[in-house]
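Engineer: Here's the letter readout for the chains.
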Amino acid sequence: MSTLTLRQAPPERLDFLTINPLALSRLSKAEAERLPVGTSRRGVSLGECFSVALDGSDTLTIEGGLERLDRVGAALSEGEIRVAGDVGQRLGEGMAGGTITVTGHAGPYAGAGATGGVITIEGDAGDHAGGAVYAARAGLDGATLIVRGAAGAHCGDRMRRGTLVVGRAGVYAGARMIAGTLAALEVGDDAGYGMRRGTLLVGRHGRLSPTFVETGAHDLVYLRLLARHLRVLSAEHAALLERPLRRYSGDLATIAKGEIWVAA
Amino acid sequence: MSDLTLNGIRVIDTFAEAFDVAGTAIVVTNDTAKWAMIAATTMTGFATSVIGCGAEAGIDAVLSPDETPDGRPGVRILLFGFEPNGLKDQLVKRVGQCILTCPGTACYAGVDGPNKIKLGGAIRYFGDGFAVAKRMPDATGRERRYWRIPVMDGEFLCEDSVRAVEGAVGGGNLLFLGRTHAETLRVAEVAVEAAAAVPGAILPFPGGIVRSGSKVGGRTKGMMASTNDAYCPTLKGRAGSALPPECGVVLEIVIDALTSQGVSDSMRAGLHAATEIGGRHGLIAVTAGNYGGNLGRHHYHLRDLIARDGGAEA
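Same order as they appear, the protein sequences are chains A and B. Here my numbering = 1-based position in the first sequence + 497. Here my numbering = 1-based position in the second sequence + 129.
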């Protein structure tokens with residue numbers, strides 16, 4: 498297991514796009530320490546902030562994560578990244594495979610555009626978790642994003658595929674959703690606002706947009722498959738499906754092929 | 130040709146001639162085992178012979194809830210056709226008319242294989258644009274795609290595509306030469322039970338048994354197949370009859386399987402089961418049907434099946 502251990506707080510935000518197990522496995526310790534991770538003209542290198550221990554394995558541990566580490570695990574295709582601490586924005590952005598685990602909190606846009614792999618945030622996530630970055634076509638796009646704590650507003654905004662499991666989500670959860678599945682124990686107002694397709698499963702919710710219509714209670718085979726899937730990710734969320742469920746169809750302001758399942 | 134003996138019953142030293150076919154398997158589930166079986170029985174109806182029915186189909190296994198993707202009782206169905214396109218056509222028609230229509234039923238791929246057949250992806254058009262697709266990993270973590278098609282009892286859930294296997298074989302067979310109809314039928318029933326118990330093998334004829342074995346062509350112009358006159362007891366004594374004087378009835382079982390080994394295992398099981406009780410039920414001999422060995426690539430020699438283990442096809 499390769500390890501990066503924080504030596505001193507970085508003087509600026511750091512961009513970890515190029516720091517992943519596969520890239521580091523090809524480098525010597527000296528080469529890795531020279532990798533540029535700064536975001537200003539100062540030219541901060543990895544070795545300035547982290548002590549580097551490499552063993553060529555497909556697992557990378559970052560000890561002493563902090564909210565200034567942006568794009569941790571972005572574009573990851575294989576291997577595992579484990580962060581002890583917090584991370585900044587765009588955790589796992591565009592990742593295609595592998596796993597990322599963050600023991601602390603994550604900034605905004607975690608999992609944006611991620612097409613594969615599993616991201617787990619043990620703490621909270623910022624706004625737009627699993628959401629689309631500005632001008633992007635899609636948010637979460639096939640990966641699995643698990644936020645054990647709370648996520649901010651616009652969680653799963655324009656998500657297109659994949660599964661997003663979150664403890665509590667703020668307003669506009671699943672807004673403009675293209676497709677995919679979002680399960681939350683609680684969501685704020687206007688969940689699913691403007692969603693085209695996709696499934697929201699929620700325990701409690703705030704105000705629902707009037708463009709959602711209740712279709713009643715249904716015992717669908719799909720829910721059995723969803724329960725099996727969620728049991729692997731979060732027993733608490735899978736338990737929502739054991740409660741009586743009401744289904745809302747919408748958003749009728751769009752093509753209305755989405756749904757919100759509300760557990761009683 | 131020297132004859133063989135198994136459990137005191139004469140076994141003709143010949144072979145069953147079988148053919149390469151396109152084969153697939155699906156799993157249908159329902160809230161109750163009863164309705165899963167109704168769906169499966171309906172879908173596998175009128176599927177005894179590829180020539181006349183377009184497909185050969187049968188029930189391979191009854192599945193318990195922990196063996197199915199959605200945790201409900203289920204049935205595994207095998208379907209065989211001459212070639213992949215014909216198989217696809219039959220599969221979509223039969224699922225569309227018999228599984229989609231059956232209350233509570235869902236449909237999943239039942240076998241892995243190299244050739245993809247679009248199933249839910251074709252039937253979704255019944256949903257008139259209201260159907261939605263969902264991707265989800267199965268119990269093994271493999272991503273699967275399902276269509277949720279709105280219907281009047283809720284939704285029909287159908288896997289987007291199923292797989293056709295390479296190496297499926299159709300036409301394995303055994304012929305039982307008996308004295309009376311009732312006793313020979315009993316022998317054939319026992320053989321069917323044993324042969325059908327082999328996983329991945331089905332016997333598509335009524336109860337697994339066919340009484341109208343056929344030969345290629347006929348005296349009437351244009352007939353693709355006609356009665357196997359050599360084995361008709363009312364034609365005994367004529368030139369070409371293969372029946373001994375004491376034979377009063379011949380019944381045949383026909384076997385299709387996803388693999389050649391499945392046909393071989395199934396024929397072996399049927400042969401042994403039939404001969405074990407055959408002595409008490411007037412069984413005279415067991416033989417197999419072939420076309421001289423020139424039409425089918427797979428030859429299952431009864432000589433090889435007499436041993437309990439080993440010997441696959443020649």
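Hints in this document: simulated from the structure, not taken from any laboratory. Note that beta-carbon positions come from the ideal geometry of N, C-alpha and C, so glycine has one too. Check the hints yourself; a few may be wrong.
As the list claims (entries may be wrong) - Sample of chain A residues with no beta-carbon within 12 angstroms of chain B, all distances over it, derived:
#1 L519
#2 G659
#3 T696
#4 A753
#5 E756
What the hints assert, rightly or not - Keeping only pairs whose Cα atoms sit at most 30 angstroms apart, straight-line, the calculated DSSO-like set for lysine-lysine is:
#6 K163/B - K222/B
#7 K754/A - K350/B
#8 K222/B - K247/B
#9 K365/B - K754/A
#10 K344/B - K365/B
#11 K247/B - K163/B
#12 K245/B - K222/B
#13 K350/B - K365/B
#14 K754/A - K245/B
Engineer: A separate judgement is required for each hint: does it hold in the structure or not?
Structural biologist: Okay, the hints, checked on the actual structure:
{"no.": "1", "hint": "L519", "verdict": "22 angstroms, holds"}
{"no.": "2", "hint": "G659", "verdict": "8 angstroms, violated"}
{"no.": "3", "hint": "T696", "verdict": "7 angstroms, violated"}
{"no.": "4", "hint": "A753", "verdict": "9 angstroms, violated"}
{"no.": "5", "hint": "E756", "verdict": "9 angstroms, violated"}
{"no.": "6", "hint": "K163/B - K222/B", "verdict": "23 angstroms, holds"}
{"no.": "7", "hint": "K754/A - K350/B", "verdict": "57 angstroms, violated"}
{"no.": "8", "hint": "K222/B - K247/B", "verdict": "12 angstroms, holds"}
{"no.": "9", "hint": "K365/B - K754/A", "verdict": "68 angstroms, violated"}
{"no.": "10", "hint": "K344/B - K365/B", "verdict": "17 angstroms, holds"}
{"no.": "11", "hint": "K247/B - K163/B", "verdict": "28 angstroms, holds"}
{"no.": "12", "hint": "K245/B - K222/B", "verdict": "17 angstroms, holds"}
{"no.": "13", "hint": "K350/B - K365/B", "verdict": "24 angstroms, holds"}
{"no.": "14", "hint": "K754/A - K245/B", "verdict": "27 angstroms, holds"}
Taken one by one, the earlier hints fail for this structure at numbers 2, 3, 4, 5, 7, 9, listed in ascending order.
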